[in-house]
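Engineer: These protein sequences, in sequence, are chains A and B. When we follow my numbering, the leftmost residue of the first sequence carries the number 35, and every step to the right adds one. When we follow my numbering, the leftmost residue of the second sequence carries the number 336, and every step to the right adds one.
It should be emphasised that the hints constitute simulated quantities derived from the structure, not laboratory data. Mixed in with the good hints there might be a few duds.
Said to hold, decoys possible - Partial list, derived from the structure: chain B residues whose beta carbon lies under 8 Å from chain A:
id: 1; residue: Val341
id: 2; residue: Tyr352
id: 3; residue: Met419
id: 4; residue: Thr420
Said to hold, decoys possible - Chain A residues, not near chain B, derived (Cβ > 10 Å throughout):
id: 5; residue: Ser89
id: 6; residue: Leu110
id: 7; residue: Glu141
id: 8; residue: Pro186
id: 9; residue: Gly196
id: 10; residue: Leu208
id: 11; residue: Ala245
id: 12; residue: Gln246
id: 13; residue: Pro269
id: 14; residue: Glu278
id: 15; residue: Asp295
id: 16; residue: Arg317
id: 17; residue: Arg327
id: 18; residue: Glu328
What the hints assert, rightly or not - Ranges between beta-carbon positions, derived for each pair:
id: 19; chain 1: A; residue 1: Gly46; chain 2: B; residue 2: Leu452; range: 57 to 67 Å
id: 20; chain 1: B; residue 1: Ala381; chain 2: A; residue 2: Lys162; range: 45 to 55 Å
id: 21; chain 1: B; residue 1: Gly438; chain 2: A; residue 2: Asp250; range: 49 to 59 Å
id: 22; chain 1: B; residue 1: Gln531; chain 2: A; residue 2: Asp148; range: 51 to 61 Å
id: 23; chain 1: A; residue 1: Glu126; chain 2: B; residue 2: Arg571; range: 54 to 64 Å
id: 24; chain 1: B; residue 1: Pro340; chain 2: A; residue 2: Glu126; range: 15 to 25 Å
id: 25; chain 1: A; residue 1: Pro199; chain 2: B; residue 2: Phe351; range: 50 to 60 Å
Think of the CB as a built atom: it goes at the ideal place given N, C-alpha and C, for glycine as much as any other residue.
Residue-level listing of the chains:
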Amino acid sequence: MISVSELTKVYGQTLAVDHISFDVPEGQIVGFLGPNGAGKSTTLKILTCYLPPTSGGATIAGFNIFHQSEQVREKLGYLPENCPLYTEMKVEEYLDFRGRLRGMDRELRRKRIDYVIERCWLPSVRTKTIGHLSKGFRQRVGLADALLHNPPVLILDEPTVGLDPAQIRESRKLIKELGGDHTVMLSTHILPEVEAVCDRAIVIASGKIVAQGTPDELRQSRRMQARVLVECRAPAKELAVAMERVSGVREVEVISNGAKDSHYVTAALRPKEGYDVREEAARTVIQHGWPLREVRLESATLEEFFVQVTASQAMASGAGGEQ
Amino acid sequence: MRRSPVIARRELSSYFYSPIAYVVMVIFLFICGVLFFEDFQPGHVAAMRSLFEWMVFLLVFAIPVLSMGLMSQEWATGTIETLMTAPVEETDVIIGKFLGSLGFFLVLLAPTMIYVLMLVIYSPSFDFGPIFSGYLGIVLVGALFISIGLFCSSLTRSQVVAAVSAAAILFAITIVPMWLGQRTTLGWFLRGVADQMVFRRYTDFSRGVIDTGNLIFFLATTAVFLFLSVKALESRRWR
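Use the sequences and the hints to build the structure in full.
Structural biologist: Shown next, in the form of structure tokens:
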């Protein structure tokens with residue numbers, strides 16, 4: 035439904051988006067994930083035909099974003115960052131204006147406005163002035179506008195920023211429900227959002243795609259293998275040596291628990307593929323007579339993955355800049 | 336240009352929510368009233384010529400205030416993004432904004448029709464011709480001024496910058512040439528320039544003369560500034 039190839043955007047001297055390519059099949063919800071300034075919004079602005087790409091191209095619903103911009107925009111619902119709206123208008127009035135702008139006739143407008151107002155939980159503010167609404171309601175008005183013409187593709191730029199936790203949960207639920215009928219691409223720098231909502235994540239850092247896959251795939255990818263944490267009262271060096279001897283351990287890192295708890299140390303074990311080292315590690319500690327406090331499998335989070343890939347990307351580009 | 340009326344309608348209605356538009360309206364109409372009653376006395380000619388000519392000066396300051404938000408507000412709040420990602424063209428937006436603003440200008444002008452009515456009542460034999468051409472001229476001047484204001488507004492996200500720069504341009508093409516034109520010792524070049532500018536061309540209308548040359552001057556310059564506004568809006572694509 036969305037197909038991007040070698041998309042590049044240069045602002046003056048800065049390379050904002052660097053030859054990115056990806057595809058989004060119909061009905062999927064894709065999270066576009068990256069730290070601030072990674073090029074997420076720029077990519078989305080290009081996809082919505084607001085900005086032209088410097089090079090490369092993309093098609094949405096089969097239409098080229100550059101040559102068939104008007105058709106693309108007809109197939110597209112877009113919620114920009116910070117959700118800009120005409121604050122002096124009433125909710126219903128605004129949606130009616132947007133409907134007219136899209137050339138919808140009176141009957142269709144009435145039907146669709148009723149539908150989106152219901153869908154985005156707006157009936158209570160239908161005749162209120164947008165300027166008087168809370169951030170959460172405004173965000174929903176923006177979403178209602180994006181849905182108004184029932185577009186096959188929805189592009190949402192940071193749809194949950196500035197909402198309170200309850201509103202975030204509602205918005206995510208709504209977006210999740212929209213998947214299937216619509217192809218959704220949303221950008222975020224919040225990881226749980228991707229895990230909660232998206233079928234697939236595309237991680238972008240410094241304008242490049244650094245990883246993509248389902249949240250599970252990303253979690254299982256090699257860089258973020260789970261660690262086993264063994265906490266016991268033992269001399270750090272001896273513990274490290276002992277743990278390295280445990281079969282299946284690839285790497286050991288001993289972390290001190292700090293001054294407050296100086297007797298205890300934690301050994302972080304990285305097991306080889308397919309090994310569960312917990313039993314043997316525990317046995318080893320006990321054989322040495324060290325008091326064992328905890329053996330724990332650290333569940334790998336997307337967060338850790340995210341920090342790893344984006345940090346390594348930032349370091350690489352930083353080093354590149356110095357040369 | 337299919338969607339221009341939609342945008343024009345929204346723009347016009349947004350003026351009625353804006354306090355600054357009412358302020359401009361009140362000041363404009365108050366000064367017009369004072370000027371009219373200066374002239375509206377026994378023994379004076381039953382005409383609105385001096386009022387019309389004063390109006391041009393008022394508009395030099397009034398129009399920039401009315402037009403300053405047209406595009407700059409869209410840039411500043413980011414609504415330009417929702418607007419341009421709907422299936423509309425840059426021309427739709429500029430023409431729509433222009434027509435909406437022109438609509439409000441007509442609303443601003445409408446109450447001055449009362450003066451025409453008073454002339455009719457108190458001086459049944461007066462000449463309608465110059466009144467008609469005067470209004471036609473003032474609408475053309477308004478259209479030109481709005482297109483200049485719209486152009487300035489589409490260059491910046493700051494309404495203040497838009498208003499000040501538009502007022503400066505209007506001042507330079509209206510008041511400066513008029514002041515220059517009053518001086519008898521003037522080189523042929525400056526004299527020629529002064530005669531081509533807004534005020535000299537407008538005075539024909541207020542006298543009751545509809546000259547095709549003047550008509551084309553106003554329509555063409557308006558079109559030029561509308562075209563430049565479209566280009567300014569498109570410029571986000573090559574910046």
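Engineer: Could you run down the list of hints and mark each one as holding or not?
Structural biologist: For each hint, the structure was consulted:
no.	hint	verdict
1	Val341	holds (4 Å)
2	Tyr352	holds (4 Å)
3	Met419	holds (6 Å)
4	Thr420	holds (4 Å)
5	Ser89	holds (14 Å)
6	Leu110	violated (7 Å)
7	Glu141	holds (17 Å)
8	Pro186	holds (14 Å)
9	Gly196	holds (14 Å)
10	Leu208	holds (19 Å)
11	Ala245	holds (28 Å)
12	Gln246	holds (25 Å)
13	Pro269	holds (60 Å)
14	Glu278	holds (56 Å)
15	Asp295	holds (50 Å)
16	Arg317	holds (61 Å)
17	Arg327	holds (53 Å)
18	Glu328	holds (50 Å)
19	A:Gly46 x B:Leu452: 57 to 67 Å	holds (59 Å)
20	B:Ala381 x A:Lys162: 45 to 55 Å	holds (51 Å)
21	B:Gly438 x A:Asp250: 49 to 59 Å	holds (57 Å)
22	B:Gln531 x A:Asp148: 51 to 61 Å	holds (57 Å)
23	A:Glu126 x B:Arg571: 54 to 64 Å	violated (30 Å)
24	B:Pro340 x A:Glu126: 15 to 25 Å	holds (20 Å)
25	A:Pro199 x B:Phe351: 50 to 60 Å	violated (39 Å)
Hint compliance for this structure: hints 6, 23, 25 are not met, and every other hint is.
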